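Here the protein sequences come in this chain order: B and U. Sequential numbering of the first sequence, starting at 1, is according to the working numbering. Sequential numbering of the second sequence, starting at 704, is according to the working numbering.
Everything labelled a hint here was simulated from the structure, so no lab data went into it. Just so we're clear, the structure is a prediction, and the values are computed from it rather than from any experiment. All C-beta atoms, glycine included, are put in the ideal place defined by N, C-alpha and C. Be aware that a few hints might be false.
Claimed, not checked - Some, not all, of what chain U presents toward chain B, calculated at C-beta under 10 Å:
#1 K846
#2 F851
#3 P855
#4 A995
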Amino acid sequence: MPEWPKEPKQLGKEHVRYDGPIKVSGRAKFASDMQPGGWLYGMMLRSKWPAARISAIDLQPALRIPGIRAAVFANNPPFIVRYYGQEIAAVAGVSKQACLDGLRAIRVEAEPLPFVVKEEAALSDASPRVFENQPNAGDPRVLQVGDPNTAFQSADKIVEGFFQTSVQLHHCLETHGNTIQLNDDGLTCWASTQGISSVKDGLADNLGVPHDRVRVISEFMGGGFGSKNGAGIEGGLAGRLSKEAGGQAVRLMLTRLEEALAVGNRPSSFQKVRLGAKKDGTLVAYQLEAFGSAGYASGGMTAAGGGGAGFPAPYIYQIPNSRVQQTTVAINAGSARAMRAPGHPQASLGMESIMDEMALALNMDPLELRIKNDPSEIRREQFRIAGERFGWKAKYRAPASSPGPVKTGVGCGGATWGGGGHASEAEVQINPDGTVEVRCGTQDLGTGTMTVIAIVAAEAFGIEPSAITVKIGDTAFPASGGSGGSTTAASVSPAVFDACQNALRDLSVASGLADPRGSNWGPATSRLRINPVVARGRWKEGLSGHGAGGVQMAEVAVDIETGFVRVNRIVCVQDCGLVVNRLASISQINGGIIMGIGFALYEERIMDATTGVILNPNFETYKLPGAADIPDIEIVLQDMPERGVIGIGEPVTIPTAAAIANAISNAIGKRVNHLPIFPAQILGLLGKVPGVPVEERNGETGA
Amino acid sequence: MKSFEYAKARSVDGAIQLSTSESRFLGGGIDLLGEMKEYIVSPKRVIDLKTIPNLDRIDTSTETWKLGANVRIAEIARNDQIRATLPGLAEAAAEVGSPQIRNVATLAGNLAQHSRCWYYRQRDLRCLKRGGSTCYAREGENKYHSLFSGNPCISPVVSNLAVILAALDGRVIVRRGEQKVTFAIPDLYADAWNNPLAHNSLRPADLIVRVEVPTAKNRSTYMQVSEKRDFDWALVSCAAAGQKTGSQWSQIAVFLGAVAPIPYAVDSPLLERSGLTSDSIASIAESLASKATPLTHNGYKLPIAQALVRRCLDRITT
């Protein structure tokens, strides 16, 4: 089995980004920057009805607008649209304004239909149906382990709670979209994607182009978070518009509004949780009844990438007896897509909240309760390390016990994630001047994949990363699969390392030097003549690992007169196997925590029940953490080189929101139970809002 | 947006001559361009005011300071004289938008900006304020909406500067055709209290020329609570100002923003008396409760308003 070097010179050190200079200087070209000769703007017409039967679409008025070169249907009428923003048609034209005018000129005949956009309403028998032939709620998924009824009877303490998480939008800073040229030679697509290979397959099949005539390029892209695995409906439409326009390239990038409508989200969750424990804190029984919505496709078709609103439960802690019932309910809203650790942040909120309620009922330190019931040895250790770094013992106090109108509180939570490597290839070329090119058909989501490749190759050859040229994001290079599930570094690093080993063997033969690495590099490569060394490699078991834990602790200050929350500090302890680039790993953890802060305090797609539209489709009212909202973030990277490379993009965003919710609850002495936690909720819980009764505290229900 | 004529004004008179009932004046453009892009307004002519010389001056040569319509918000926030003499005005300016917005947005534009109600701004809806028949917010998602309103529209005024200028007894000098009209701040918004279609009392071709601020009130402050720490609209804003001569207090005024279509005056006989105590401050804040009409999702604004009234009065009187 291959092995990583025991005493690495590059791996695990801090490396600045390979692509930093060209990104900050604007030379890096993203899909949204592409301007192939004669290119056209593309834009889409979307439904202004939350549900309607579209009987006719007249594109002719659009084609008469000056500058419009092509117009196509998204579907051939008649068809039914099932959410505000569903695709109806698209145009291509010489300017953005021409396209806007073209879209306004299109005539659509539609018969509005009844709709429902709120999950609780959609569950009612009286609700309008998203799909006329089936109820909005699918059959519940039920999973029972052990004998929960008996176990609850044997419990010394039982606590209950109801928790809710809102629909979170991906809102990638570069919007979804592609620049596509489809002519007699074939198809070229500059995509903003986390999977060039899947975009290639999708476009080839959708547009009927032989695979060998399709090339997809994504050298740089501005974020995906799980929502950019395919070309999307917008990709197919751009291809058809390009063909219709005589083979001119069409750049169809979505607007910020469209990002909020149709390209994915994290499903909502409504969780009724019950937990039973023995006096000593041993958890014995767990029950969950949950529902949530993944949008219109929840109740039926999942072809759009919807899937369900389920999540893992019980989450991370060992509970021998459990009953879990989860229902996914359809509403007239855009479909969910995988979003950074799908299901886990929702699962974490419900589980970690009820754990803190149990700790209170047992009069036990919440950290001790977790360590007692966590089956993962790594995570138990992380809870201890985090507690020490954070100063948990000194900081954890009884709820609402800090003096004055600004209350402080602390909370914690844990995470789990699978990750691991998948099939990937890479190609290495060693030139006679000692320079190296690495080619790999992966893509860099912004996580630093190019830098990872340069580090691994430099390590293998005993040279500096600056001597490596990295070429990725092109289906002309050896295939490497998609970037999802925190698998990219764990797939690409072994493939590149393997290619380097093969190249070293060839270089050794060609140069006659047994070990051409390091100080021999110059002499060895200089013996190469016209033909450089070119070698391939593939991902191998053993160089990557899977399964990451992760623990976070939060400290907050809550102004109980205004409800304003300030997160003061987050401590994160994260295992990640072999650290490849310490700087990028820490940067990625910062990003995950910031996204978790958004989930905890700010982010929520707000649908209007009366009109069926989304009310906050922009950064003015869909709120994201800004620089001023970011606390001190302290990160402890648990280096375990023996486990190989393990991705950490996802676990690091999981426990943040639960830790913050627990910290706020600890500060104010009331259980916050609804994400995001705005001042309105806090003031309501504290009994300060007229007309809002103070709810009975979630928590102990007896024994 | 729809196509339009673009004209540069070289003087206030020139701007007035260029204006029609279907034209709009362009200052920083922060609000106007957004509305045009969403097809909420589609003026036939846009008259750029940035080309008018000296309209961005701050004149502090007399006891009443004159701030030109084009003074940038960033300038108000950082101007040393304003920070020293009218601190509440600088504080309110510093809370507007982001640094980028403050560098471009103007004083007059901030005062004349339109509703930020998310139903009003939704491109496919036609709410009461846009000439439709229904205020969707009343029965809908109203967490950002008014606690006090004299008409069915519950969209609140969101200008930070209006709130502090009201407390400072600022006056807005407006050209209406050949006439000069002077509005006290409450009058500048009075129409919005009764008329759901109105954002303020200005007519389409009215041009704000400058704002005059007396400097007699030597104590002032502004505070707001938002969901985020920075670059966010106020859930509730509050400004207080008063004159302290020796140990004598006079003319204390307190206004709230984002809770009514107008800067909402906190009226109390206790403000008239000299010498506020913590008890009287508390009871002034308390008195808001009986006047407010909270809706499904905005009742939480009341305790925030009360806290801000207490804190603003505490700050100026201690």
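Checked hints:
Taking 10 Å as the C-beta contact cut-off toward chain B, the hint placing U/K846 at the interface holds, the least distance being around 6 Å. Hint status for U/F851: violated, given a least beta-carbon distance of 14 Å to chain B, over 10 Å. Because the beta carbon of U/P855 sits about 15 Å from the nearest beta carbon in chain B, more than 10 Å, this interface hint is broken. For U/A995, the shortest C-beta to C-beta distance to chain B is roughly 8 Å, which falls under 10 Å, so the interface hint holds.
Hints 2 and 3, counting from the list given before, are not met by this structure.
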